[in-house]
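Q: Sequence:
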Amino acid sequence: MASLKAQRALTPKPMRVDGNSVTIVDKAVLGAGQLGTPQAADTIDFLIPGGSQLTRLSFQLDDCDTGTTFVFGVGYRPVNPASALSPSSTYFAGTGQTTGQAGGRLECAFKPITFEEDVYAQIVVGTAPTGISGNPEIWCIAEINQVGAK
0 MASLKAQRAL
10 TPKPMRVDGN
20 SVTIVDKAVL
30 GAGQLGTPQA
40 ADTIDFLIPG
50 GSQLTRLSFQ
60 LDDCDTGTTF
70 VFGVGYRPVN
80 PASALSPSST
90 YFAGTGQTTG
100 QAGGRLECAF
110 KPITFEEDVY
120 AQIVVGTAPT
130 GISGNPEIWC
140 IAEINQVGAK
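Counting with numbering that gives the first Met the number 0, you get residues 0 to 149 for the letters of the sequence shown.
No wet-lab data here; the hints were simulated from the structure.
Glycine is no exception: its CB is placed at the ideal position from the N, C-alpha and C atoms.
Hints should not be assumed to be uniformly reliable.
[As the list claims (entries may be wrong)] 20 angstroms max Cα-Cα, derived EDC-like pairs, lysine to aspartate or glutamate:
1. K4 / D117
2. K26 / E106
3. K26 / E136
4. K26 / D62
5. K26 / D61
6. K4 / D62
7. K110 / E142
8. K4 / D61
9. K4 / D41
10. K26 / D117
11. K26 / E142
12. K4 / E136
13. K4 / E116
14. K26 / D41
[Stated by the list, open to error] Each pair of labels, with its calculated beta carbon distance range:
15. T65 / T22: 27 to 33 angstroms
16. D17 / S132: 42 to 48 angstroms
17. V28 / E142: 19 to 25 angstroms
18. T89 / E115: 19 to 25 angstroms
19. S82 / V24: 24 to 30 angstroms
20. L84 / G18: 18 to 24 angstroms
21. R104 / G130: 18 to 24 angstroms
22. D62 / E116: 31 to 37 angstroms
23. A31 / T54: 33 to 39 angstroms
24. E116 / T67: 36 to 42 angstroms
Turn these sequences into a full structure, and let the hints steer you where they fit.
A: Set out below in structure tokens:
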């Protein structure tokens, strides 16, 4: 299992702690020379900074599969592996999502959640793509309220 990082997953994010709404936009590029082809149980990670109340999460996916085998779920896990926060691999979208097979937009349905520490919103690969043509992109669009860590 590999944790494949989006382009800005390892960079710090601003946190003003004033309740302002912010949209975080990041992308992961699959294919040769980028993140490669994800395998079953791999994760594609997008950083959500601590002190964020996540209210909306969307993914815009190109065609990430030359066949029709790519399925995934969307969850979160703490950045710090020693954290007491329990990860959830399906909080935002259950297993069996097929949006990446031909491309499209996934709008996650969930109750708003506040993270007191940095977490990765992550695509958890259930079944790997048959193959990848070119360098398909996966865009993550996260809308948060900057409430600050307690």
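Q: At the C-beta level, are V28 and E142 separated by a distance inside 19 to 25 angstroms?
A: holds, 23 angstroms
Q: Check the hint pairing K4 with E116 against an upper bound of 20 angstroms on the C-alpha distance.
A: holds, 18 angstroms
Q: Quickly compare the C-alpha distance for K26 and E136 to 20 angstroms and report which way the hint goes.
A: Holds. K26 to E136 sits at ~7 angstroms (cutoff 20 angstroms).
Q: Below or equal to 20 angstroms on CA atoms is what counts here, so check K26 against D41.
A: Holds, at about 16 angstroms.
Q: For the range 18 to 24 angstroms, tell me whether the beta carbons of L84 and G18 fit it or not.
A: For G18 against L84, whose Cβ atoms are near 22 angstroms apart, the range 18 to 24 angstroms holds.
Q: Does K110 pair with E142 here, judged by a C-alpha cut-off of 20 angstroms?
A: holds, 13 angstroms
Q: Indicate whether the distance between the beta carbons of S82 and V24 respects the range 24 to 30 angstroms.
A: Holds: the Cβ-Cβ distance is about 25 angstroms, inside 24 to 30 angstroms.
Q: Tell me if the beta carbons of D62 and E116 are separated by a distance inside 31 to 37 angstroms.
A: Distance hint for D62, E116 holds at roughly 35 angstroms.
Q: Within a Cα-Cα threshold of 20 angstroms, do K4 and E136 meet the stated pairing?
A: holds, 13 angstroms
Q: Is K26 within 20 angstroms of E106, Cα to Cα?
A: holds, 16 angstroms
Q: Do A31 and T54 keep their Cβ atoms within the hinted range of 33 to 39 angstroms?
A: Hint holds: Cβ distance 36 angstroms, inside 33 to 39 angstroms.
Q: Is it true that D17 and S132 lie within 42 to 48 angstroms of each other by Cβ?
A: About 44 angstroms separates the Cβ atoms of D17 and S132, which means 42 to 48 angstroms holds.
In this structure, none of the earlier numbered hints is contradicted; all agree with it.
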